[in-house]
Amino acid sequence: MSSLTPDQSIAEQIASGAIAGGGVGDSSLADASLNDDPSVRPPLVLNNRSFHEVTEIISGYAENRPGKWWLPLFLISSSLAGVCGLMILYLVTTGVGVWGLNNQVDWAWDITNFVFWIGIGHAGTLISAILCLFKQKWRTAVNRSAEAMTIFAVICAGMFPGIHVGRIWAIWYVFPIPNYNYIWPNFRSPLLWDVFAVSTYATVSLLFWYMGMIPDLAMLRDRADKRLRLNADGPRFCPFFRLRADTVRAYAYGFLSLGWRFSSRHWHRYEKAYLVLAGISTPLVLSVHSIVSFDFATSILPGWHTTIFPPYFVAGAVFGGFAMVLLLLIPARELFPNMKDFVTMRHVENMAKILLLTGSMVGFAYTMEFFIAWYGGNEFELYAFKNRALGPYWWAYWTMISCNVLSPQLFWVKKFRQSIPVVLFVAMAVTTGMWFERFVIIVTSLHRAFLPGEWGMFFPTPVDILTFVGSCGIFLTLFLLFLRFLPVFAVAELKAVMPQADPHGHDEQGGD
Amino acid sequence: MALSDYLPFLPASDSGYVTPEGESVFGIMAEFETTPQAYKACEHVRDAGYTKWDLHTPFPIHGIEDAMGMKSTILPRIAAIGAFAGVGIALVGQYWITAIDFPFVVQGKDYWAWQPLVPITFELGVLLCAFTSLFGMLALNGLPRWHHPLFKKDRFLDVSDDRFVICIEATDKNFDPAKTKALLEEAGGKHIDLVEA
Chain A
1 MSSLTPDQSI AEQIASGAIA GGGVGDSSLA DASLNDDPSV RPPLVLNNRS FHEVTEIISG
61 YAENRPGKWW LPLFLISSSL AGVCGLMILY LVTTGVGVWG LNNQVDWAWD ITNFVFWIGI
121 GHAGTLISAI LCLFKQKWRT AVNRSAEAMT IFAVICAGMF PGIHVGRIWA IWYVFPIPNY
181 NYIWPNFRSP LLWDVFAVST YATVSLLFWY MGMIPDLAML RDRADKRLRL NADGPRFCPF
241 FRLRADTVRA YAYGFLSLGW RFSSRHWHRY EKAYLVLAGI STPLVLSVHS IVSFDFATSI
301 LPGWHTTIFP PYFVAGAVFG GFAMVLLLLI PARELFPNMK DFVTMRHVEN MAKILLLTGS
361 MVGFAYTMEF FIAWYGGNEF ELYAFKNRAL GPYWWAYWTM ISCNVLSPQL FWVKKFRQSI
421 PVVLFVAMAV TTGMWFERFV IIVTSLHRAF LPGEWGMFFP TPVDILTFVG SCGIFLTLFL
481 LFLRFLPVFA VAELKAVMPQ ADPHGHDEQG GD
Chain B
1001 MALSDYLPFL PASDSGYVTP EGESVFGIMA EFETTPQAYK ACEHVRDAGY TKWDLHTPFP
1061 IHGIEDAMGM KSTILPRIAA IGAFAGVGIA LVGQYWITAI DFPFVVQGKD YWAWQPLVPI
1121 TFELGVLLCA FTSLFGMLAL NGLPRWHHPL FKKDRFLDVS DDRFVICIEA TDKNFDPAKT
1181 KALLEEAGGK HIDLVEA
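Protein chains in written order, with the numbering used here: chain A, 1 to 512; chain B, 1001 to 1197.
To be clear, the hints were calculated from the coordinates, so they are not data collected in a lab. There may be inaccurate statements among the hints.
Said to hold, decoys possible - Distance condition first, Cα-Cα at most 20 Å in a straight line; then the derived SDA-like pairs of lysine to any residue:
1. B:K1109 / A:L258
2. A:K272 / B:K1040
3. A:K386 / A:N350
4. A:K137 / A:R41
5. B:K1152 / A:L466
6. B:K1109 / A:A297
7. B:K1173 / B:K1153
8. A:K135 / B:E1196
9. A:K135 / A:N350
10. A:K353 / A:I130
11. A:K272 / B:E1033
12. A:K226 / B:R1077
13. B:K1040 / B:S1024
14. A:K68 / A:R333
15. B:K1153 / A:R229
16. A:K226 / B:L1007
17. B:K1153 / A:K272
18. B:K1152 / A:P42
19. B:K1173 / B:R1077
20. B:K1071 / A:R265
21. A:K272 / B:K1173
22. A:K272 / B:L1007
23. A:K272 / A:N350
24. A:K137 / A:P42
25. A:K353 / A:N35
26. A:K226 / A:E56
27. B:K1152 / A:A252
28. B:K1109 / A:P185
29. A:K272 / B:K1071
30. B:K1152 / A:R227
31. B:K1109 / A:W184
32. B:K1152 / A:N35
33. A:K272 / B:A1197
34. B:K1153 / B:G1022
35. B:K1152 / A:W70
36. B:K1152 / B:H1062
37. A:K272 / B:E1065
38. A:K340 / A:W70
39. A:K272 / B:D1162
40. A:K226 / B:E1033
In this text the structure is predicted, and so the values were computed from the model without any measurement.
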């Protein structure tokens, strides 16, 4: 045993049936991925799957009809997305007065929602880029869905700054387009930096996601093509036409996969490109939320004007993003057959640990803000923070503290990290808490300005509420479509981390 | 990569070999079932001196570059050019707008202050680097190319599932239908077959 690397020893144990899913070998574990024996590297794919089984299971998600839950869920979420569309139409045709904004609180739910969604979008790139550079192999099972989630969250985020300007037809002024009024955007404004940061982030995430999908789309293409060649007849695309569903698949997936033919010479450049993208996305993901925080930090408003904002926002974004990944993947692994073999309890536990880490970082930032407000000796700053905790929005502040700081502390206990209901509960709490964090930062700082005569309150209107709920509908609709039609896992990457992928593996004598 | 691969009306370079049915030969393919077998077969083909050949695998095999005798790609350098181009465009564009075309004092800062330009310069560098690495990768790979002689083989479609296919092209200077076939057999290849161009 000692001459074997952990990968080889796990391969032998899988081959001999000593390790499998469902806790065989050690019945006290929820699944074999939780094995903590240091001589054994816990398997990344459970139940001793072959490459073919992995292909079949994951392609099945995109090829077979999903369970009965899919259509009702899709109808509900797409109706909500429709409601969002109607609310935006109402806003654009009437004016931003349909929201609860007023002279004093002129940023509220719109920017809260923007920061909330863009923060959620950080987990995907973190998983695909930073965990890739750190060679964290477990990322392969969650990176595709997390990247998809990132893009959908950025779509929801991008909507809000677009519509909050009021005159949406003038939004093109943010781009440096020559015009006869000689109006250029102000390159010294963090709001303009934000435009560039968010649009770059959206584009790079999309490129990263798409590039990762090219081989898996080619796999779906080949499977459809094979069925077309071997079977004379098959399911129709639509009852009235002779067009087969597989013909549509072969053309659609075939077009998108760009003629990928799994060549090793191509793979070599592909992996290099992936590494370059991971390398540049790592500072990118850290820069985006830093720049979002500049929107606040470069102002002179008490409660916003702090240097701790960039790291604090980035930690919060990763925190909220991982909570959302858990919220989406935990139900998905229950609903899709065999998904638990790929998204194992080890994945859930690792993400719970990240929640604990980033939650504690966020908690530290909250404490530090208070400390500096007192230690800095600025009475306006101190007032802003006292007002946060004890003023009229005290309930929002304490919701934030209990959800973001207290609830993840449960994860110090291993039993809670490995319990699906607890993880789901904390993930929900964190998602709620992170929305409240942005609300607290934005609204409590604005509603008490320097002159008491300007003090006011913000109350959301039904349009505010429905626009936010609708944006959740857009997010969920896009995610459900992704689950239905695209490769949900990075199949090629998943196969590459399986023990059988080792070119010097156990099933051949010799090697080196 | 030849121009005729992309423009089908141009005459393709002919290997001179024909199948028993009289079709021009693109190459010979052989199948392997496991990663170690494919890896060793690659070393075998490499040592026999072939250069125009390829291994098709469902996932990137770690270290296959050595087994195939591949040179490292210039892609990172292309991506670096993209990154510097983005940085340059951003700096020139921002300075031209804020300091030359319409100089305007904002927040009491100097026209030529570089600090406020950092975020957009960084973002544009990242953006162009991402574009060049993806599109550079596709261009170096000769993609998109939606047709290829190998796609006509039914068995080749299993590569995306769990098969490993080596294909030696007929235009390789060492290619000889009988000898190449013998080499692939010796390397442990199964279902060895001529690929029609």
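Against the structure, the hints come out as follows:
no. : hint              : verdict
1   : B:K1109 / A:L258  : violated (49 Å)
2   : A:K272 / B:K1040  : violated (23 Å)
3   : A:K386 / A:N350   : violated (36 Å)
4   : A:K137 / A:R41    : holds (11 Å)
5   : B:K1152 / A:L466  : violated (53 Å)
6   : B:K1109 / A:A297  : holds (18 Å)
7   : B:K1173 / B:K1153 : violated (24 Å)
8   : A:K135 / B:E1196  : violated (41 Å)
9   : A:K135 / A:N350   : holds (14 Å)
10  : A:K353 / A:I130   : holds (16 Å)
11  : A:K272 / B:E1033  : violated (26 Å)
12  : A:K226 / B:R1077  : violated (39 Å)
13  : B:K1040 / B:S1024 : violated (29 Å)
14  : A:K68 / A:R333    : holds (15 Å)
15  : B:K1153 / A:R229  : holds (10 Å)
16  : A:K226 / B:L1007  : violated (26 Å)
17  : B:K1153 / A:K272  : violated (29 Å)
18  : B:K1152 / A:P42   : violated (41 Å)
19  : B:K1173 / B:R1077 : violated (31 Å)
20  : B:K1071 / A:R265  : holds (10 Å)
21  : A:K272 / B:K1173  : violated (29 Å)
22  : A:K272 / B:L1007  : violated (28 Å)
23  : A:K272 / A:N350   : violated (27 Å)
24  : A:K137 / A:P42    : holds (11 Å)
25  : A:K353 / A:N35    : holds (16 Å)
26  : A:K226 / A:E56    : holds (14 Å)
27  : B:K1152 / A:A252  : holds (18 Å)
28  : B:K1109 / A:P185  : holds (16 Å)
29  : A:K272 / B:K1071  : holds (13 Å)
30  : B:K1152 / A:R227  : holds (14 Å)
31  : B:K1109 / A:W184  : holds (17 Å)
32  : B:K1152 / A:N35   : violated (46 Å)
33  : A:K272 / B:A1197  : violated (30 Å)
34  : B:K1153 / B:G1022 : holds (17 Å)
35  : B:K1152 / A:W70   : violated (37 Å)
36  : B:K1152 / B:H1062 : violated (28 Å)
37  : A:K272 / B:E1065  : holds (12 Å)
38  : A:K340 / A:W70    : holds (18 Å)
39  : A:K272 / B:D1162  : violated (23 Å)
40  : A:K226 / B:E1033  : holds (19 Å)
Violated hints, listed in ascending order, are 1, 2, 3, 5, 7, 8, 11, 12, 13, 16, 17, 18, 19, 21, 22, 23, 32, 33, 35, 36, 39; each of the other numbered hints is respected by the structure.
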